[in-house]
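Chains as they are written, first to last, in my numbering: chain A, 3 to 602; chain B, 36 to 384; chain C, 38 to 633; chain D, 4 to 304.
FYI, nobody ran anything at the bench for these hints, they're computed from the structure. Just so you know, even glycine gets a beta-carbon here, dropped at the ideal spot from N, CA and C. Certain hints may be false.
Derived contacts from chain C toward chain B, CB cut-off under 8 Å, selection only [as the list claims (entries may be wrong)]:
no.: 1; residue: 134
no.: 2; residue: 144
no.: 3; residue: 152
no.: 4; residue: 155
no.: 5; residue: 156
no.: 6; residue: 473
no.: 7; residue: 564
The list that follows gives simulated cross-link-like pairs (lysine to any residue, SDA-like), each with its CA atoms no further than 25 Å apart [to be verified]:
no.: 8; chain 1: C; residue 1: 497; chain 2: C; residue 2: 446
no.: 9; chain 1: A; residue 1: 326; chain 2: B; residue 2: 221
no.: 10; chain 1: A; residue 1: 555; chain 2: D; residue 2: 268
no.: 11; chain 1: A; residue 1: 583; chain 2: A; residue 2: 505
no.: 12; chain 1: C; residue 1: 217; chain 2: B; residue 2: 175
no.: 13; chain 1: C; residue 1: 167; chain 2: A; residue 2: 504
no.: 14; chain 1: D; residue 1: 17; chain 2: A; residue 2: 564
Taking CB as the label site, the calculated pair distances span [to be verified]:
no.: 15; chain 1: A; residue 1: 366; chain 2: B; residue 2: 178; range: 52 to 58 Å
no.: 16; chain 1: A; residue 1: 546; chain 2: B; residue 2: 178; range: 53 to 59 Å
no.: 17; chain 1: B; residue 1: 362; chain 2: A; residue 2: 386; range: 51 to 57 Å
no.: 18; chain 1: A; residue 1: 546; chain 2: B; residue 2: 67; range: 39 to 45 Å
no.: 19; chain 1: D; residue 1: 278; chain 2: A; residue 2: 546; range: 52 to 58 Å
no.: 20; chain 1: A; residue 1: 366; chain 2: B; residue 2: 215; range: 29 to 35 Å
no.: 21; chain 1: B; residue 1: 111; chain 2: C; residue 2: 330; range: 35 to 41 Å
no.: 22; chain 1: B; residue 1: 362; chain 2: A; residue 2: 549; range: 51 to 57 Å
no.: 23; chain 1: B; residue 1: 215; chain 2: C; residue 2: 69; range: 55 to 61 Å
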Amino acid sequence: MGDIKPPSGAAETPTAAQREYLSDDPRDIGWVKQNVPCQTACPAGTNVPVYIREIIERQFGRSYETNREANVLPGVLGRICSRPCEAQCRHGWPGNGEPVAICHLKRVASDLKDAGHRITERLYSPTGKRVAIVGAGPAGVAAAHDLSLLGHDVVIFEREERPGGMLRYGIPEFRLPRDTLDIELHNALRLGVQMRTGAEIGNGAGQIPMAKLEQEFDALLLATGCMAASPLPLQGDWEKRALRGLEGVEYGLDFLVQMHRGEKKVVGKRVAVVGAGFTALDCARVAARLGAQEVTIHIRTAEEYIPVTQEEIFEAKREGVRIKGLRTPVGLTVEGNRLTGIEFVQNRLGGWRAGGRRQAIPIEGSEFHEPCDTIIIAIGQQTVNDFLGTGLELDRWGNVRVGEDGMTSHKGLFAAGDYVNGASTVIQAVGHGRKVARRIDAWLMGRERRKQVVRIVPVEQPLRERAFDFIPRQHMPTAQMAERMKDGRHEVELGLDEKLAFEEAKRCYLCNLRYEIDVDRCIFCRACIEVAPRNCIKLVRGVEINEDGAYGKLLETKEWNQVGAIWIDNNECIRCGQCFKACPVQCISISRCELTEVEI
Amino acid sequence: MATAKNARHHVVIGSGVAGSQAAETLREREPDARVTILTLSSLLFYNRYDLPKVFRGHRDWREFLAYPAEYYKDHRIEVRRCSRVAGVDGSRRAIALEHKEEIRFDTLLVASGGRGYIPEELTEYRPLMHPFSSYTEAVTAAGVVPERGHVIMLGGDMIGLDLARTLVDTRHRVTLVAGQQTFWPHEVSEDERPGLIAALEKMGVEVVEAADAGGIASIEKGARGLSARRVLFRDGTELYGDAVMPFFGLSPSVEFMLGSGVDIERGLLVNPALRTTSEGIYAAGDVCQIWSDADKRYRFFYGWKNVRAMGDLAARNIAGGAEPWVPAQDEKLHIGADGKIQSPFWEYE
Amino acid sequence: MATDIQISIVGSAGDGTIAAGEILRNALAGMGYKVISFDVYPPEIRGFGKCIARMRITTEQAYSLKHKSDVMVSLDDSHAIPHANEVRDCGAVIYEQGSIVRLPEGGHMSAHVGPGQLPYPLPIRELSEKSTGANRSRNIVVLGFIAGLFNLPAEGFRKAIGKKFRNKAAAAEASEAAFKAGLDYAAKTFKLDDVSFGPPVSSVVAGATVEMINGNAAIARGALDAGIDTFFGYPITPATSIMERLANEMPKRGGRLLQTEDEISAISAVVGAGFTGARAATSTSGPGLSLMAEMLGMGVIGEVPGVVFVSQRGGPSTGMPTKTEQSDLHMAVYGGHGDAPRIVIAPTNVDGCYRCAGKAFEMAEAYQTPVIVLIDLYLSNRYETVVFPARPPFEADLNRKPGKQAAGAQYKRYALTEDHVSPRAVPGDKGGMHVVTGLEHNELGRPNDSAELHTAMSRKRHEKLKRALKHPDFTQFKRFGDEGPVDVGVISWGSNFGECLEAMLKVRAEGIRCAAMKVVMLSPFPTEAVAAFMADCQEVLVPELNYQGQFANLLQAHVARPVTRLNRVSGEPMKVEEIIEEIRRLAGSKAAQKAA
Amino acid sequence: MGDIKPVYLEEKLKEVEESGRLDYRSKTLPTWCPGCGYFSIVEAVAASLCELGIPNENAVVVSGIGCSSRFPFFVNTYGMHTLHGRALPVATGVKTANDALTVVAVGGDGDGFAIGGGHVPHAARRNVDMTYLLFDNGIYGLTKGQTSPTSAIGFRTPTSPYENPDRPLNPLLMVLAYGASWVGQAYAGRPDHLNRMITQAMAHRGFSYLHILSPCVTFDKTHRTYQNLGMQVRDLPADHDPSDRAAAMRLAMDDATPALGLYFREERPTLGDALDGLVEKAGGELPGKVAAKPARKAARR
């Protein structure tokens with residue numbers, strides 16, 4: 003135990019540094035990408051195995067810093083992340099059980115770090131360059147943080163009263179407490195980033211014109227997100243009729259933003275939410291908290307295809323929310339100006355849309371009616387393009403077109419986050435913000451200043467025990483139903499305590515450990531295969547090489563005269579360490595392989 | 036097992052009424068084909084509607100079997116018991132079993148039925164409830180209810196109410212906590228409901244309306260000296276009983292079909308010929324939602340006669356037929372001359 | 038309720054299959070059941086060979102294993118699948134529910150559990166790893182499951198496990214955890230079983246003890262109870278454990294055991310020790326017996342007592358070392374060069390192993406000759422519950438121990454006497470000095486190859502043995518079943534007789550008049566008794582586990598009468614059903630003849 | 004530090020395949036217990052045959068009975084699996100009948116120095132041109148762990164339950180005394196060295212005896228384990244002169260810390276040479292050789 007070293011070179015002893023090897027071979031980079039699926043799946047590239055390992059060592063602060071290297075808002079993402087990592091977690095692969103609660107552990111690092119925790123930042127000398135960022139949402143904040151680290155002067159212009167964007171105005175407090183958000187935003191922007199709130203960019207009265215920014219700054223980054231709710235496409239008479247203004251009609255995003263700006267929102271007895279994303283679910287749960295008796299989410303396809311986590315659906319259902327599938331609203335029924343119900347058409351499932359979502363095809367003549375008092379329309383958000391009037395080029399989905407270098411058609415003007423990608427997830431925004439910050443830096447400095455390599459460090463022994471593999475996924479404790487409904491702000495998920503966190507962290511396979519057999523020393527005795535818990539050690543005659551130069555499938559054989567090597571299939575390996583202990587000639591080695599960056 | 040070399044392999048997932056009927060029909064229609072049933076059960080096919088018999092003292096599993104073991108040998112139907120399907124690959128026509136065995140099929144009939152639904156707000160109390168959807172669950176439940184014991188029945192779907200009839204008949208006390216799912220799958224209008232509830236009370240079932248008590252707040256182990264279970268309501272009232280049995284209707288068992296390429300809403304979506312959206316894969320019984328041209332929507336059909344007819348129809352269509360689904364039984368709930376509830380789903384053969 | 042349950046555990050070598058069987062049968066015997074058990078194991082230590090531990094647990098006496106088991110445990114499906122059809126209807130099949138490798142269709146036990154059988158999938162590997170951190174205790178997990186599934190007292194299992202691992206604390210601890218994991222899992226498993234154990238029935242006479250013991254251990258115990266002094270041996274399957282047992286026990290009684298460099302050396306040492314008057318023995322199997330043939334002849338001509346325990350295995354040559362066969366009868370009776378008569382006795386069950394082993398020393402001394410106790414792998418490894426009397430049933434002396442010879446008188450070591458047995462002297466006896474030689478010799482023991490002497494000495498060596506037939510006891514023969522004339526008589530020998538007895542009892546229940554005779558003494562042959570039995574039989578059936586009918590050959594050499602042979606060389610014990618079928622056929626053809 | 008530089012599988016596999024040593028393996032996977040030291044011997048033999056360029060069909064591997072004697076099934080040459088202890092006489096027969104063949108006899112400590120112990124001196128003194136690989140694990144593995152002639156004093160096994168009272172043989176010393184013309188020692192846990200020694204032994208003309216220490220992972224958990232052996236073995240002193248038989252014997256006498264390497268080597272006429280000499284003396288004519296072995300000669304130079 004205790005072998006894991008801090009991920010940054012700074013804290014390592016000279017001896018440890020000598021014992022590391024930096025590789026930019028595509029086979030090694032490919033290895034990490036294949037073998038550390040959580041990190042690969044994370045849009046920000048969070049080094050998951052390392053931060054979980056640090057939790058096992060009870061180094062919560064260090065774990066938090068490991069997170070911060072990739073994502074400046076660990077406490078926030080530890081609560082509301084869409085968790086693309088967990089979907090890929092090796093522990094969740096068929097036969098291995100349930101994925102590790104990576105997200106909950108991220109929150110653990112944030113919750114359990116010392117009160118006086120020291121933040122580590124890798125600061126570059128000032129460059130004298132000035133960058134303006136429009137929008138203090140996750141993409142803008144992430145970019146601002148990184149750019150200021152790289153030595154640039156950064157100013158953020160934010161329209162709202164306070165920074166955070168969707169985090170503050172779009173996500174209910176019962177999912178994301180505002181004190182957590184405030185602290186992390188503050189930490190991110192402490193390095194001399196100027197925050198100008200209430201500052202709207204535009205050509206109107208009281209607005210700051212773009213031209214002025216272009217004059218004052220060396221580069222501009224637009225990260226204004228997707229803050230416009232998409233309209234509900236209805237049919238017949240309703241096709242052209244304006245819905246805003248009808249009593250009982252709400253747009254999900256506006257509904258949430260207004261509520262978080264402090265407006266008092268009310269809903270009727272029966273609430274119908276139309277939409278299938280996090281916003282729809284949030285609206286439904288908010289509606290339940292506002293006293294609605296019957297909250298139904300109407301979706302066009304089926305529950306199977308909603309892009310939210312199972313836990314989220316389950317918690318919503320526990321709060322009484324019901325989901326009904328295969329229906330599309332085509333009209334409303336009103337009495338005067340007041341909504342009384344929704345006309346739906348029955349759907350059948352069609353083919354697949356881009357992004358892995360299903361199409362719903364309405365069935366002619368299958369219209370039906372369901373009464374309701376409030377409809378919350380949460381079918382998506384849109385960017386408001388070119389509100390600056392600069393004539394930016396758009397792509398065919400209507401988003402701003404950016405090049406490989408992250409720049410728009412306008413020189414020196416960059417764009418990041420939902421504003422470019424359309425409505426996506428917070429972690430995608432954070433990841434994209436970082437990525438674009440790097441591009442801006444390269445453009446400003448005229449060269450790339452860092453490159454990606456694999457750091458390979460020998461590890462003396464397996465850091466796990468086989469027994470860890472049988473620990474079940476620790477469930478997130480949640481608030482009592484009565485507590486939740488009391489003021490509607492009470493955080494539902496209570497966080498893992500140290501004991502639960504430790505149990506959960508032990509479950510992590512530490513996929514960044516690479517187990518290798520030294521073919522020259524191997525005597526082919528198969529003692530390792532004997533103890534293997536899975537079909538993870540193989541008699542190999544060859545290996546496929548993928549297009550990107552990384553390894554593909556191992557080619558196995560049962561014929562002795564074909565066996566060129568006994569090899570550990572790291573894709574099957576669950577890092578239990580049994581083989582390492584069993585080898586009679588100690589020809590199995592372990593090394594930690596992690597993606598990192600070095601100065602060029 | 037001797038089968039012709041190029042004979043087709045028909046695999047049926049589920050050994051309930053639909054699956055067993057389908058296997059029988061397939062064997063009749065295609066004498067040379069290989070027919071395999073995959074089931075989670077450790078028992079050969081038995082009729083679920085026989086299960087209340089356990090409260091009459093019938094506990095020998097052999098009594099429940101619909102056919103003896105020889106039937107399967109004689110009819111060359113392979114039954115793979117205790118076999119959990121992990122996934123289906125519709126394009127490769129392969130079934131992955133959880134123990135990593137792969138089975139190839141030419142046609143697949145999914146007849147995995149439904150399992151007892153438990154509302155999400157009650158899921159944390161699952162360990163304190165006694166479900167009743169399989170032989171083993173039935174025997175376990177019967178084992179915890181003493182003679183003249185008191186059963187608290189939640190929900191009260193028609194499977195539960197059928198059991199309630201037996202329980203009352205065997206001098207047990209039954210308290211029904213009624214709610215939205217009472218009388219499931221019958222669709223009961225608000226006008227009909229009071230009469231039906233009254234009929235239930237007349238049959239000897241005590242009824243508590245969950246909504247009147249603010250809904251169930253929790254289910255707990257009974258305190259010392261009291262019955263084994265306590266159901267606590269939001270309004271503070273409570274109920275004590277020997278067992279709490281949930282009857283909230285069925286939710287289709289479809290998890291293993293996720294990613295198979297077959298369309299799913301709640302159940303597997305099938306056309307009137309019971310074929311799913313994937314060629315070569317059919318579904319029958321409580322697991323499928325059938326497109327109804329009349330209603331212009333996908334809907335479930337319930338009752339063992341319907342389920343058996345679905346199994347039969349799916350098999351005939353697999354064997355080359357193209358007949359559309361016609362419901363085999365009336366679905367109307369009514370009150371008989373004796374003042375008791377009569378459901379077509381209770382008419383057993 | 039009478040209990041009659043057969044359990045088989047099938048696995049790969051290294052799965053702990055045999056160890057699980059050992060613990061299980063010891064546990065059940067400890068609870069008071071009668072157990073008969075026979076394991077099958079491969080020649081490789083590890084690797085991929087098939088192992089089967091099989092046991093039949095009864096409250097009444099049983100004589101053989103049943104063809105179909107009531108419970109089968111698979112520790113390795115690739116080996117167990119071919120045996121799935123050997124489980125009766127409503128019998129239980131316990132198998133590993135998961136797999137760590139991808140399986141082809143039909144590669145899992147669940148595909149082979151017949152519709153009439155009851156499947157019990159069990160996460161064996163996971164339970165072992167979970168409870169002990171390693172997968173080595175899978176066999177013990179299964180034992181816990183069996184204990185729970187059939188409501189057998191866990192204490193009995195714990196005792197047997199404790200005994201097995203008494204000197205291995207870590208293994209004992211892991212086994213306890215694994216056992217509990219299996220037991221707890223069984224508590225959660227819904228029991229559909231049709232297999233149930235009734236209470237054990239005790240039938241033990243006061244003072245006697247009951248033990249679960251196999252043929253080899255019984256032989257060792259017989260030798261010990263008969264006061265064996267020295268033992269020389271060389272390891273060979275399936276006889277090795279006789280030596281291992283003696284190695285444990287003899288030093289405790291002042292005896293001496295040596296592992297020699299080979300069988301040639303072992304039999305030489307036995308002859309040397311026998312010459313000194315010690316009770317000496319060796320144990321071996323067919324290949325070793327072949328090596329010993331020359332030195333055995335030396336023992337015959339030198340008239341030196343000595344005992345050779347031979348456990349047969351599949352032959353010829355290295356043959357099938359871990360399979361059973363009765364094909365060394367010819368060599369035991371006839372093997373070697375020259376006219377070299379010897380006593381050969383072949384017990385038919387574990388109890389018989391004990392008695393014959395002890396008796397062999399008495400005979401060797403009484404008739405001053407090598408005695409071969411001939412068993413086979415099936416009997417060596419077959420466990421039975423045996424009742425041991427309070428006092429060993431062996432005479433320390435049949436008045437044939439070496440006597441003192443008067444000094445000065447001319448001592449004739451090979452004196453021709455009325456009963457053909459000469460007075461014997463051993464080193465240390467001043468009046469008895471002589472030379473044992475492999476050369477033909479006169480009464481004094483001096484080399485002499487005259488025609489008269491060779492004739493006389495040959496007669497002496499042959500005729501003295503025939504007196505063994507005059508002591509009618511368990512070492513000769515016994516008749517079972519119907520008295521008087523019968524339709525079919527079954528004659529068999531050795532380990533195979535149990536199956537014949539079961540078959541005879543079963544056909545009698547069908548109304549066929551039938552009797553069975555076991556022949557224990559193969560050389561000299563009890564011709565009169567066997568001929569008398571055969572005279573009672575319309576048809577004679579001789580089942581045995583060799584190809585050529587070695588016993589039938591021997592029989593017909595003594596009694597000129599046609600017999601029906603039933604021969605099997607599968608390496609496995611004969612199936613009772615096969616014998617029954619043959620008896621029915623013979624009885625049927627007899628009935629048809631009568632009708633005609 | 005070089006040991007942390009990554010090794011790339013496909014490069015390694017190519018290296019192994021191009022070496023050609025896989026051609027000397029049979030198709031059958033060895034059936035020894037996982038972890039057994041014998042695995043490294045079979046690897047080394049295949050590699051050595053390959054390195055010396057001996058055509059597969061010109062090699063014969065002969066064994067007796069025991070775990071080690073399964074060996075011929077795992078190499079891709081002619082093989083004989085004979086009777087317990089009788090490998091050497093059979094191999095002598097083979098070699099006598101066809102001097103052109105490369106003959107390797109393999110066997111365990113029980114096979115070679117218990118039951119077959121009587122055969123070793125004679126094969127050695129006659130200088131039969133063959134290689135005898137003695138797999139010494141100090142135990143009877145195949146009969147499940149009884150005492151062997153090289154078991155340590157005090158070793159407890161089923162046939163010596165109190166303890167083994169006998170001192171172990173020193174086969175190296177014996178074989179040196181028997182007059183073997185090439186004597187060496189290797190350890191299964193050092194596959195590289197083992198490989199080099201087997202190659203040399205096979206290249207030697209005459210009776211070459213290689214003593215290979217190997218653990219029995221199944222039945223000996225206390226004495227000859229990888230851990231113990233790994234600590235005990237050492238290299239032969241660098242200044243040892245392998246032509247000095249007395250020095251070799253002195254080194255061989257230290258069996259507490261067995262030294263690995265070549266103990267003794269001399270060139271002298273083989274059994275074949277002697278038989279040829281007899282033929283010559285009798286005035287007969289030598290029969291034509293069935294197959295020459297140029298490859299081997301080339302390798303030796």
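Do the hints match the structure? See the list:
Contact between residue 134 (chain C) and chain B, as hinted, is supported at the beta carbon level, the nearest pair being about 6 Å apart and thus within 8 Å. Interface restraint check: residue 144 (chain C) against chain B, minimum CB-CB distance 6 Å, threshold 8 Å, status holds. The interface hint given for residue 152 (chain C) holds, since its Cβ lies 4 Å from the closest Cβ of chain B, which is under the 8 Å cut-off. Here the hint on residue 155 (chain C) is kept, as its CB sits about 7 Å from the closest CB of chain B, short of 8 Å.
Hint status for residue 156 (chain C) relative to chain B: holds, with the closest Cβ pair at about 5 Å, below 8 Å. Look at residue 473 (chain C): its Cβ only gets to about 68 Å from chain B, farther than 8 Å, so that hint breaks. The beta carbon of residue 564 (chain C) comes no nearer than 52 Å to any beta carbon in chain B, farther than 8 Å, and the hint placing it at the interface is violated. Our distance criterion of 25 Å between C-alpha atoms is met by residue 497 (chain C) and residue 446 (chain C), whose separation comes to about 23 Å.
In summary, the hint linking residue 326 (chain A) to residue 221 (chain B) is supported, as the alpha carbons are separated by about 19 Å, within the 25 Å threshold. With a C-alpha separation of about 49 Å, the suggested pairing of residue 555 (chain A) with residue 268 (chain D) is violated against the 25 Å cut-off. Taken as a hint, the residue 583 (chain A) and residue 505 (chain A) pair is honoured in the structure, with Cα atoms around 23 Å apart against an allowance of 25 Å. Distance check on the hinted pair: residue 217 (chain C) and residue 175 (chain B) sit about 23 Å apart at the alpha-carbon level, within 25 Å; holds.
Between the alpha carbons of residue 167 (chain C) and residue 504 (chain A) the distance comes to roughly 18 Å, so the proposed pair stays at or under 25 Å and holds. With a C-alpha separation of about 12 Å, the suggested pair residue 17 (chain D) and residue 564 (chain A) falls inside the 25 Å cut-off, and the hint holds. Roughly 54 Å separates the CB atoms of residue 366 (chain A) and residue 178 (chain B), a value that falls within the hinted 52 to 58 Å. Distance hint for residue 546 (chain A) and residue 178 (chain B): a CB-CB separation of about 56 Å, consistent with the stated range 53 to 59 Å.
The hinted window of 51 to 57 Å between residue 362 (chain B) and residue 386 (chain A) holds, with their beta carbons roughly 53 Å apart. Here the CB-CB span from residue 546 (chain A) to residue 67 (chain B) is close to 40 Å, well matched to the stated 39 to 45 Å. At about 56 Å, the CB distance of residue 278 (chain D) to residue 546 (chain A) agrees with the hint of 52 to 58 Å. Taking 29 to 35 Å as the suggested C-beta distance range, the pair residue 366 (chain A) and residue 215 (chain B) conforms, at roughly 31 Å.
The hinted window of 35 to 41 Å between residue 111 (chain B) and residue 330 (chain C) is violated, with their beta carbons roughly 57 Å apart. In this structure the supplied range 51 to 57 Å holds for residue 362 (chain B) paired with residue 549 (chain A), their Cβ-Cβ distance being about 54 Å. Between residue 215 (chain B) and residue 69 (chain C) the CB atoms are about 59 Å apart, so this pair conforms to the stated range of 55 to 61 Å.
Checked against the numbered hints given earlier, the structure breaks hints 6, 7, 10 and 21 and satisfies all the rest.
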